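S.K.: One-letter residues, chain by chain:
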Amino acid sequence: MRIEFPPFPNSKIDPFLVTSPQTAHYNCIAWAFGDSTKWYWPDSANYYFWPNEIPREEKIESFIELFRLIGYEVCENGELEPDYFKVAIYTDKFSKPTHAARQLGNGYWTSKLGQHFDVTHTIFSMKDGSYGNVAVFMQRKK
Amino acid sequence: MINTIYPTIQERQRPVAVSYEASFVRNNIATCHVLFVGQSVFVQKMYKQQLKKRFDFYNSIWQSETIFSSSISEITNNSAYRSIIGLGQEVLPFIIDDLKNNDSHWFYALEALTGQNPIKENHKGVVPLMKKDWIEWAKENNLTDEN
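The listed protein sequences derive, respectively, from chains L and G. Residue numbering for the first sequence follows numbering that gives the first Met the number 0, starting at 0 and increasing by one per position. Residue numbering for the second sequence follows numbering that gives the first Met the number 0, starting at 0 and increasing by one per position.
Rather than coming from a laboratory, the hints here were simulated on the basis of the structure. Possibly wrong hints are sitting among the right ones.
What the hints assert, rightly or not - Counterexamples of contact, computed for chain G against chain L with all Cβ distances above 10 Å:
| hint | residue |
| --- | --- |
| 1 | I28 |
| 2 | M45 |
| 3 | F54 |
| 4 | F67 |
| 5 | S68 |
| 6 | S70 |
| 7 | I71 |
| 8 | S82 |
| 9 | D97 |
| 10 | E110 |
| 11 | I118 |
| 12 | K123 |
Claimed, not checked - Derived DSBU-like pairs (lysine-lysine); straight-line CA-CA distance at most 30 Å:
| hint | chain 1 | residue 1 | chain 2 | residue 2 |
| --- | --- | --- | --- | --- |
| 13 | L | K11 | L | K140 |
| 14 | L | K141 | L | K126 |
| 15 | L | K95 | G | K138 |
| 16 | G | K130 | L | K58 |
| 17 | G | K123 | L | K58 |
| 18 | L | K95 | G | K123 |
| 19 | G | K131 | G | K119 |
| 20 | G | K44 | G | K123 |
| 21 | G | K99 | G | K138 |
| 22 | L | K11 | L | K92 |
| 23 | L | K126 | L | K140 |
| 24 | L | K126 | L | K95 |
| 25 | G | K119 | L | K58 |
| 26 | G | K47 | L | K95 |
Note that the structure is predicted; figures quoted are calculated from it, not measured. The beta-carbon is built from N, C-alpha and C at its ideal position, and this holds for glycine as well.
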């Protein structure tokens, strides 16, 4: 289903397709991590899921460490490479992590939009939107 | 603040659908609640209705402003969410009722208003189980909208 999302201005000119029902049972970080059963966030009050071995800090370093747990390493770009899975971590203008997306086998990206639904999109269609921009790409061997 | 503009004797003699006294109370229900709490069923009921309207208003703003957010700090620092917490413990039944029907992130507000956190360690991040823990706690503490 094609919908225009005002929080993502480029969604009207580049692919941005809804691919799931709305749910608040998991968020973008969990979805990029490969888990659709939990809400991942390093909240200081310790309400939400975050691995014990990673600092509960809303810093990009903590999010990088999270994806390192399952074999991802920082890489240069989000280009499709047949031998690698890739994720993108977004930050806002204050360098605070806001979002993560996971690359699909066809080069598009899949994201969970907060408490909304999943979408398939491009890096461009989410650029300069509510989540800011990609700060780090990470990859792991298939 | 109490509305100090009160009708003259002549104005009070005109027929009206709602008496000036009733209108006065309705217009100043929040103040009346503070003044007459525990004494007037009417004031309590009216106050509860007004509180529910304010809760629904802030709730709809909170939902629309944070629907795309994954960041719990962004979701719980939202000004409408903080306003709901600011309404005090009397909104707890409304929050529990909303939690029964939705998967909203009320957990911070509930702890802020009750000082409790009944969420089990292995339920962290599992929203349906987090909800279940709070709804059970609410039942045990007679904290539902029916009470």
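S.K.: Next, verify each hint and record whether it holds.
M.R.: Cross-check of the supplied hints:
1. I28: Nearest chain L Cβ is 34 Å from G/I28, so the label holds.
2. M45: Check passes; 33 Å lies beyond 10 Å.
3. F54: holds, 19 Å
4. F67: violated, 4 Å
5. S68: violated, 5 Å
6. S70: It is violated; G/S70 is separated from chain L by about 6 Å at its closest Cβ, not greater than 10 Å.
7. I71: The claim breaks: G/I71 does not keep its Cβ more than 10 Å from every Cβ of chain L (closest is about 4 Å).
8. S82: holds, 19 Å
9. D97: Its Cβ never comes within 10 Å of chain L, the nearest being 12 Å, so this holds.
10. E110: violated, 7 Å
11. I118: Its Cβ does come within 10 Å of chain L, the nearest being 7 Å, so this is violated.
12. K123: violated, 5 Å
13. L/K11 - L/K140: violated, 33 Å
14. L/K141 - L/K126: holds, 27 Å
15. L/K95 - G/K138: violated, 38 Å
16. G/K130 - L/K58: With a Cα-Cα distance of about 28 Å, the restraint between G/K130 and L/K58 holds, given a limit of 30 Å.
17. G/K123 - L/K58: Roughly 20 Å between the alpha carbons, so the hint for G/K123 and L/K58 holds.
18. L/K95 - G/K123: With a Cα-Cα distance of about 23 Å, the restraint between L/K95 and G/K123 holds, given a limit of 30 Å.
19. G/K131 - G/K119: holds, 10 Å
20. G/K44 - G/K123: Violated - the C-alpha atoms of G/K123 and G/K44 are around 37 Å apart, more than 30 Å.
21. G/K99 - G/K138: Distance of about 12 Å is within 30 Å: holds.
22. L/K11 - L/K92: It holds: about 23 Å lies between the C-alpha atoms, which stays within 30 Å.
23. L/K126 - L/K140: holds, 26 Å
24. L/K126 - L/K95: holds, 16 Å
25. G/K119 - L/K58: holds, 26 Å
26. G/K47 - L/K95: violated, 40 Å
When held up to the earlier numbered hints, the structure conflicts with 4, 5, 6, 7, 10, 11, 12, 13, 15, 20, 26 and fits the remainder.
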